[in-house]
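Visitor: Following the hints, position chain B against chain A.
Chains A and B supply the protein sequences, listed in that same order. If you're matching positions, the first sequence starts at 1 in the working numbering and goes up one per residue. If you're matching positions, the second sequence starts at 1 in the working numbering and goes up one per residue.
Hints may be right or wrong, so weigh each one.
Copies of one chain are not kept apart here, so a pair can be met inside one copy or by any two copies together.
[Claimed, not checked] Dumping the calculated BS3-like pairs for lysine-lysine here, alpha-carbon to alpha-carbon at most 25 Å:
1. Lys182 <-> Lys146
2. Lys229 <-> Lys173
3. Lys266 <-> Lys410
4. Lys182 <-> Lys153
5. Lys410 <-> Lys217
Everything labelled a hint here was simulated from the structure, so no lab data went into it. Everything numeric in this text was worked out from a predicted model, so none of it was measured.
There are 2 protein chains.
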Amino acid sequence: MDERRLKYLIQEKKYVTLKKELEEMNEVDVAEILEDLDIHTALLIFRMLSKDLAVDVFAHFSVEQQRDIIGLVTDKELKHIVEELFFDDMVDIIEEMPANVVKKILLHAKEEERNLINEFLRYPIDSAGSIMTIEYVDLKKAMTVKEALEHIKKTGLNKETVYTCYVTDKNRKLEGIVSLRKLVISDEEKTIEDIMDRDVIYVHTHDDQETVASIFKRYGFLALPVVDKEDRLTGIITVDDIMDVIDQETTEDFQRMAAMSPTEEKYLDASIFSLAKHRIIWLLVLMISATLTGGIIMKYEKVLETVVVLTAFIPMLMDTGGNSGSQSSTLIIRGIALGEVELKDAGKVIWKEFRIAIIVGLALAVVNFFRIYFFDGVGVLISFTVTFTLFVTVVISKVVGCILPMIAKKLNIDPAIMAGPLITTIVDALSLVVYFSIASWLLNI
Amino acid sequence: MDERRLKYLIQEKKYVTLKKELEEMNEVDVAEILEDLDIHTALLIFRMLSKDLAVDVFAHFSVEQQRDIIGLVTDKELKHIVEELFFDDMVDIIEEMPANVVKKILLHAKEEERNLINEFLRYPIDSAGSIMTIEYVDLKKAMTVKEALEHIKKTGLNKETVYTCYVTDKNRKLEGIVSLRKLVISDEEKTIEDIMDRDVIYVHTHDDQETVASIFKRYGFLALPVVDKEDRLTGIITVDDIMDVIDQETTEDFQRMAAMSPTEEKYLDASIFSLAKHRIIWLLVLMISATLTGGIIMKYEKVLETVVVLTAFIPMLMDTGGNSGSQSSTLIIRGIALGEVELKDAGKVIWKEFRIAIIVGLALAVVNFFRIYFFDGVGVLISFTVTFTLFVTVVISKVVGCILPMIAKKLNIDPAIMAGPLITTIVDALSLVVYFSIASWLLNI
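So that you can see chain A by itself, here it is in the shape it has in the complex (with noise of 0.2 Å):
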């Protein structure tokens, strides 16, 4: 349904239409729709549609969304959505609610249900635990494949995921998976234990979600069972959960390379002065550091007023040793985010860095003297510091870039952080004292 119709049905007051058509929509296009509108307009047809449409519309709400609507129900309406909302997604909206009415949500949960909140608002940020569901399907070995179908029938109506069952003995400790599949597949007459595997891939509630996407990826499950430090099952996180998971972690490594302090703001919703903190620190760390390169200047500053023309390929050379030491940091980051880069692999990383670098550097080297000597008419012993120096600075720069981010990794610090600007500044001042160096040598100042 585009705007236009929507306006047009809300205009006529043809609700009835209106109705039937957002119940055929799916629930994020539905909620997409009503973010779009006024708050009263929205609520007005909020209450139009089906409790259970409702309810899933509510999720996917933004969080202003949900507390101003949390706002408007009535009390009968708000405890219909406390009941019906998913168990993960209750959490994640109280997480990101103001208090007044996280007290008007508790209200309407039963008991056993707000101290299950409580215990979920104490697992760490980023945790297994902080992202996991208790919706799932819990089975007993000595059930029949019958048995388990029907009880998947009568209480797998609100359940996330059924498509994964798990196994429990009495002390609720994992004992084995089936699939939905398997179930449909098999005889109905055999027992769970037959058909469950029993080599079952799981996650304590403290693991970190990085590592549970990681598992996710290797391989490609739709659900994965968290259990605690008991080995007890605690819940279930499905694969749709994990998705958003990866876009998080990926979007910190993007602010982390370009020097900005992680958050999970979204861009369009963050204060400018939320925005601005995340920036300035690393800014100001770098704008430092870069005295350096100052003191390296000033220290050759009688070369520098001999022969000015030397400042003009300052710019040219810092930015190629910048920008080659982050296309080798680059890679390297990624490669270990990815898994494919491990820290066994560093000689081979640094020996194949090292041999790009020649290659590099070469190329870039022939033309530069090329375009510096014939075009720009530079003398020949000016363009050949020019020249050797940048071939240098390409070599020091991808072997920094690559170095740097696998010592992070082996410091157990955040390798995202050894990305270009850190090693822009660090490559700077080697490549000034190269080029001096050379330069007070070949011109025997």
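Guide: For chain B alone, coordinates are given in the frame of chain A:
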């Protein structure tokens, strides 16, 4: 199983135990274990595996291992592998294999399958068609739930996913979908038409895989149907394949943002010439663009000759400009990639970045003035020149950094190209002009 136990079991020829332990493991792990052995031992163990596991393990081998194994197995073994492989895995393998191996594989495929493979190989790289599979459950409207479940039981064994079933008419046109969950919980006597969902979200064979990935993320689907130009169902895409697509697209963005031409080759597998090739072009372009900055410096040669100390601040100004521009462009590029920032937000974004730049620029300026005037003992006029240039540079770089990715998007170029390296080169030139203009005016040169 760890390496030591594996070696022990092989050495002691305890093959029964070895087979038993491998059969209990996940195919991904078995493939990794065999990958580390020499090819003959690997083949020996590969042949021990049950047929079903062997095929699954084969699909997870690296391209080299697959090639080597195909070269060594008997025709009968290869026939079984070819018959049992998932269709999309087979197409992937064929795409990677040398011609003689492909010929050997196709010998064992049925004619019908050969035609299909050829059709699949014609889909553009990175299109929905190139990543879809043909294995899915196809139902008819008139079937009852009971009949549908029996149909799945009969044919569903080899399907990559049976969790979403597709309802088609006699011309293979897609009419609706039914989840296996719905089938299991519904009354056996109901017809598919009663319970199917008609509002199906689908993609076309020629849609880009990035579009497909964003649909998966938006709706949290497990599978998505793919239709041809005549809206006939031709295949489905499953969420596990989309995780690879997301990683691949992100890696491309990382590569572009670090001034490399994107490649899908894994870092450790790629040759140094291939890696060098992807890096040289952009480095050359950026190096030659830096001529501009050199030209600007030479134009103001007189200023620099008179006040050599000005040179000392060039690296700091350029780096800070580059870094603050990168911050803005990275956030906008990522925002566009995730669909959080759209072209219609351009005005809002520029205004936001402008205000952030003022805050960040002021903070840096204060620290910088304090540092160079009080600590380095630079004269007040020069300190002011440097500080004012720093402030202007931050503002320019942030505004340029947010505008360029949006212009790229508007022109249908990948916004990732407008990242750090390019923006640094542009901002370098602009900040030098500001620097020297202010210097010559303030210092009366």
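Visitor: Which hints from the list above does the structure break, by number from lowest to highest?
Guide: Of the numbered hints, all hold.
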